[in-house]
Amino acid sequence: MLSVIDARFILMVLVGSVAGLFVGAIPGLSVSMATALLVSITYTWEHSDALAMIMGVYVVGVFSGAVSAILINIPGAPSSVVTTLDGYPMSKKGQAYKALYTATIYSFTGSLFGLLALGLLATPVSRIALKFTKMDYFLLAFFGLTTVGSVSSKNYAKGLISVMLGLIISMIGLDPLMGTRRLTFGVQNLTGGISTVPALVGFFGFAEVLSVIYNRKQEENVLTMERMKVSLREVLKGWKLSLYTSAIGMLVGALPGAGGPVASFIAYNEAKRLTKNPEIPFGEGAVEGIMASESSNNACIGGALIPMLTLAVPGDAVTAIILSVFYVHGLQPGPMFIRQNPEAFYSILAAGIIACFALLALGLLVAPRICKVITIPKNIMIPVVASLCVIGSFACNNRLFDVALMFLFGFIGFLMRRFDYPVAPLILAMVLGKMMDSNFRQAVSLASSAENPLISMFGHPFTIILSLCSLGVLLSNIPWTRRYIDQMLHRK
Amino acid sequence: MKNKIHSLIVEGVLFCGSGLGLLSYSLISYGKSFNKDWAQSPYLFPLLVGLAMTGLSIWLAGEGIQTMKKEAVDLDGRREAGNTKKPIIWGQISEVLIALVLCGIYYLLLVSLKIPYVTIGIFSFMYTFSTFEVATVIFLAAMMAFMGVRKLPILLLVPLGTTLFLSIAFRTLLHVLLP
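These protein sequence lines are chains B and W, in that order. Heads up: the first sequence begins at 1 in the working numbering, then just goes up one per residue. Heads up: the second sequence begins at 493 in the working numbering, then just goes up one per residue.
Keep in mind the hints are simulated off the structure, nothing from the lab. All values reported here derive from a predicted model rather than from experimental measurement. Heads up, a few of these hints could be off.
[Claimed, not checked] Once the Cα atoms are required to be at most 30 Å apart in a straight line, the calculated DSS-like pairs of lysine-lysine come out as:
1) B:Lys-154 / B:Lys-229
2) B:Lys-240 / B:Lys-434
3) W:Lys-528 / B:Lys-134
4) B:Lys-237 / B:Lys-434
5) W:Lys-524 / B:Lys-434
6) W:Lys-561 / B:Lys-154
7) B:Lys-92 / B:Lys-272
8) W:Lys-562 / B:Lys-154
9) B:Lys-229 / B:Lys-240
10) B:Lys-434 / W:Lys-561
11) W:Lys-524 / B:Lys-134
When you get a sec, could you build the whole thing from the sequences and use the hints?
Put into structure tokens, the structure is as follows:
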């Protein structure tokens, strides 16, 4: 791992980390948006430089969502929603510095835990993945999409409709096996398919711009921060809880689509259950609440990278974007990735670990001083973000057609948010669509020439497990079957 | 009192149309193609997605019908069902539409303005500007004015400064091609 680290590499991580601090802390800018923009900027760079900067933005950006969550009660990132529950009450009591200090320490431990898990588990998972058949890959992606549909929306049908929309977008262009044009309707610019970057910038960046314009009447109060003495020993009291919630975060992060928001909710509930007598009740400024939320959402980073690197199935929206960086740079994640591209794997790991230390330094030294920056007037910031979206969507293919697509996707993304359709499943489906299509058709083709097609398709142990898991997730989320199960349980 | 059609039903019908559209597209394209083996057909996956989309839209519409029935039986249910739904404020929607129009004008400026590259040399530093810079200054000023900035110095200096920063950062330093 040490061989990939040099001064330039460290500098790239640090630049990314500083950018991540501001992007994550300013409500209206998101880590997904920043990484999506970075894909287009880093298009011509060496892949290690690109990955270094993106990991810096990712690790520190996830943490810095807590800064605005604590100071203005608006989470800078979706995974920091739970941090507002106790962070803002602490700030109102004049303990903003303590809240931020705790968030920094436990974001650091959580991130480090997740990345160490990535280092330890990626190779064994890759070995298992080598035994996967074409059908297994299809089912793995299918399982991921059924799961993401269930965890990202209150209404399962809406989550799945988002998945279908993503699959439809992924099908536009030449089909991956025969090269036949699909869904292009004679538009020449669509023949090459829809590039991931304009779609990502549109759905995350421009949709956010429109959402802020829609909600701009809501003003936020910024609490001032006074430096206070915080004992490290006192803060480190919660290390056992942190380890436990980091493990939750890592596992939830590894589930495709679940990501930080789900992990932090589960971890918060676990912290509530385990902490019998908190000094301050949960929801009124309990430090344990911040510990659980920040440890778990940062541990998700390493967790989400495990399926992305070993199976090419991203764990959340940002890893879906990182996956597109790999494709842009000609790298192919999957079971053979670590064996064939060890330097890229170690680049990610090293960049993540350096970013963890940058997080610690920035969180303790810079974050308490950026109260003014996170309240840049939205009427100045939003037009600038719209221009950045134009640059980001144009830079990838140097086509103005992509800019038009970005505006279109941004408007669709805005409508989806308004009508409670989650965007994350759409993005995951868009990234996975082509892989699902080709693997499914190859599996069906192989099975059609076999003696027993059904056994050929579903007869392998992993296929059976994945089919049962997908079926289980689907059935447990259908209201009628859920009602039936509830009735059965009540009868017993 | 007459119940309004639940939004889930409208959404269900809309997605049902998309699903059926995709289904018919797949079947028609399959019919026209020379490859008549479904296992290898590029239209197999769109067909399955179309089927799934149609099924899901029926599920969504079904949920809408159920909610409407509940609301009809129990008027309090309306409040309960409304809890998860954000009200749509048309005044704010119109602001979003105006913002979209401004972005549309920005796009048209980028497409139609043909300004040749102009390079200014300041000692050893070369600064190049073109269509993007001119269009962006106009867009930023218009968008800020629309978003409520009224101070003239801010309306002039922020768009100029931001565009200069973006242009130097992306075009000059990062060598990113700009429109």
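Subject >> Ascending list of hint numbers which this structure does not respect >> reply: 1, 2, 4 and 10
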